Structures are given as C-alpha cells and as structure tokens.
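Enquirer: Sequence:
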Amino acid sequence: MAGPAREETGGESTFTVLVAAFANLGIAIAKAVAGVVSGSSAMLSEAAHSVADTVTEVLLLTSLRRSARPADEEHPLGHGPERYIWALLAAVATFVGGAVFALYDGVHTLTHGEEPGDPLVAYLVLAVAFLLEGYSLRTGLRQARGEARRYQVPFGRYLRRTPDTAVKAVVMEDSAALAGLLLAAGGLLGGQLTGSGVWDGVASLCIGALLLYVAWVLGRSNAEFLIGRPLPRTVRDRIRAELLAVEHIEAVLELTTLLQGPREALVAAKIDFRDVSTAAQVEWACERAEQRLREEFPVVRRVYLDPTPGFAQRRSEGLNPWP
1 MAGPAREETG
11 GESTFTVLVA
21 AFANLGIAIA
31 KAVAGVVSGS
41 SAMLSEAAHS
51 VADTVTEVLL
61 LTSLRRSARP
71 ADEEHPLGHG
81 PERYIWALLA
91 AVATFVGGAV
101 FALYDGVHTL
111 THGEEPGDPL
121 VAYLVLAVAF
131 LLEGYSLRTG
141 LRQARGEARR
151 YQVPFGRYLR
161 RTPDTAVKAV
171 VMEDSAALAG
181 LLLAAGGLLG
191 GQLTGSGVWD
201 GVASLCIGAL
211 LLYVAWVLGR
221 SNAEFLIGRP
231 LPRTVRDRIR
241 AELLAVEHIE
251 AVLELTTLLQ
261 GPREALVAAK
271 IDFRDVSTAA
281 QVEWACERAE
291 QRLREEFPVV
301 RRVYLDPTPG
311 FAQRRSEGLN
321 PWP
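Once you know that position 191 of the sequence shown is 191 in full-length UniProt numbering, the rest is easy, because the numbers rise by one and skip nothing.
Please note: incorrect hints may appear among the correct ones.
[Claimed, not checked] Restraint-style ranges between C-beta atoms, simulated for each label pair:
hint, residue 1, residue 2, range
1, Ala127, Ile227, 41 to 47 Å
2, Ala209, Leu189, 16 to 22 Å
3, Arg274, Ser175, 52 to 58 Å
4, Ala245, Arg160, 29 to 35 Å
5, His108, Arg157, 38 to 44 Å
6, Gly146, Thr278, 45 to 51 Å
No lab work stands behind these hints, which were simulated from the structure alone. For clarity, every value in this text was computed on a predicted model and none was experimentally measured. Heads up, the beta-carbon is just placed ideally off N, CA and C, and yes, glycines get one too.
Can you make the complete structure from the sequences, with help from the hints?
Expert: Here's what the structure looks like:
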C-alpha cells in the first residue's frame, strides 16, 4: 500500500475476528431455533450463513496464529503466506456452508412450498442479530478505516487492495450478513402478508447469491496473494528512486517486489554499480541501500541486491545485453 507502513497490528486483527466469531456463533444458534419455530426457509438459510461465518472466523484465527510464526531454518522467508491458505479455505467454507445450502433451501421452498409458523420469534432474532452483526461490522470498519488513514489511501481502495484479508473478510461477511437479515425479514413479511412461501424462497435464493459473491471476491483476493502480488506501482517507483539516490549505484536494471503478508514485503533488484567502484564501496552501497529502504518502507523486511553489469558494459564484452 502507498504511504508509510507501520508496525504489525496482528493483535487488532485478532480482536476483530474474535468479535465476529462470537457474534456469529450466538446468532447461528438463535437463527436455527427461530427458523424451526417460524418454518422460514430464509431464516434457516441465515442460520447456515452464520454457521459458515463462524467456521470462517475459526479459519481466519488459525491463519493469523500460524502466519505469525517467525522464520526458521526450514522456512527462511517466514510463514506469512500461510494466512492466505487458511483464508482461502474460509472463502470455500462460505461457499459450501452458506451459499449452497441457501440456494438449495430456496429452490426446495419454491418447488415444494412451506407451512409458515409464528414469525414473532424470527423477527425478534433478526432484530438482535442485526444489532450484534452491526457491532461486529463497526469493529471491522474501525480497523479498516484506521489502516486506510495510516497508509493515506481512500477507504474503498484500501478494502479492495489490502493484503490483510482477515479484516477484509470480516467487513465483507458482516456487510453481507446485515443485507441477508434484511432479505430474511422481507421474506418473512411477504409471506405473512400474502400467505405464500414464494417470498421466503426468493429471499433464500437472494441470500445464497449474496454469499456466492462474497465467497468469490474473498477467494480471488487470497488466490492473488498466494500466486504473488507485488507492491503497488507508486511504491515500486519510490523504491527505485531510493536505490538510485545511493552513491555508486548507476541504474536499477530489474526490480522485483513481493508481498508476503499484510506488513511484510520482499525486495530484490539487479543493480548496475559504477564501474570504478571498489568491492568495498559496492558492499557499503548495498548496506546503505537496504538501510534506506527499511527506514522509508518498514513493510520491507528482506532486501536482496544483485550487482549486475549494465547494458553498455555487457555489450562491450560481447555478452547478452539483457541481463
């Protein structure tokens, strides 16, 4: 992300996920009871939604814990990318546990009908769930907005591009949960006014479609980080400028950056040093370059610089001019 990076805030992310997990667990139980009492397929779909969200939060907590382990001999680059594996599994849980059940239940209601029961309990549960989900969303939004201000980027852009997919998952899932509660309430009200279960079935299908979208967005985001996403172009340009500002560095021939976690990045570059520079000067130039990058971009944890002959020198020596 553009702007100054800060120290790790994994504790804040863990608190955000824990709030969402406890809220979803209690809501899931209440929704299931209300769904059985009211006979509402939309409420049962919402119960499946909350169960899927609870499983998602457990997987996200696992991702935060396992990715925080330090580097060791067997994992010299650390365990940062492991968070995206677990977060990807969380997106799959949302798809399988929430979307598939909601779509199936909606189709079943439309084709077989349902006997509506007492909707009062369902309305009460929906109201309480809305308050709890709202509090959980508020916690996630507070952290996301704070991070956006810290990196000096618009909130929408931060949410789309953030490497902290745990917070992104909480914000998206809680937003979807609030929308799903409104859909379930609409299905209940429509069935109560018309006596038809079609409204409830349609609400369940809409909830399923909403969960499909959330699962797809979160799955795609985590897959991108597993494949490998570089630092933003503006940050890469600033890194080039910092390297070129170091004495004895003539050109940056190739620059590779890789995000390994929310606040952990790797920088590798092929550097053309001045031909008259001594070996000692090249070594100290590398040290100064790494120090400048770490000071300006605390997110950069690893720097690898490769002294490489420039275009003119390689051509004069009959070598391939493109390193």
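Enquirer: Do the beta carbons of Ala209 and Leu189 sit within 16 to 22 Å of each other?
Expert: At 20 Å between Cβs, range holds.
Enquirer: Measuring from beta carbon to beta carbon, are Ala245 and Arg160 in 29 to 35 Å?
Expert: holds, 31 Å
Enquirer: Holds or violated: the 38 to 44 Å window for the beta-carbon distance between His108 and Arg157?
Expert: At 41 Å between Cβs, range holds.
Enquirer: Would you say the C-beta atoms of Arg274 and Ser175 sit inside 52 to 58 Å of each other?
Expert: Holds - the Cβ-Cβ distance for Arg274 and Ser175, about 54 Å, lies within 52 to 58 Å.
Enquirer: Can you tell me whether the CB distance of Ala127 to Ile227 sits inside 41 to 47 Å?
Expert: holds, 43 Å
Enquirer: Do the beta carbons of Gly146 and Thr278 sit within 45 to 51 Å of each other?
Expert: holds, 47 Å
Violated hints are absent here; each numbered hint is respected by the structure.
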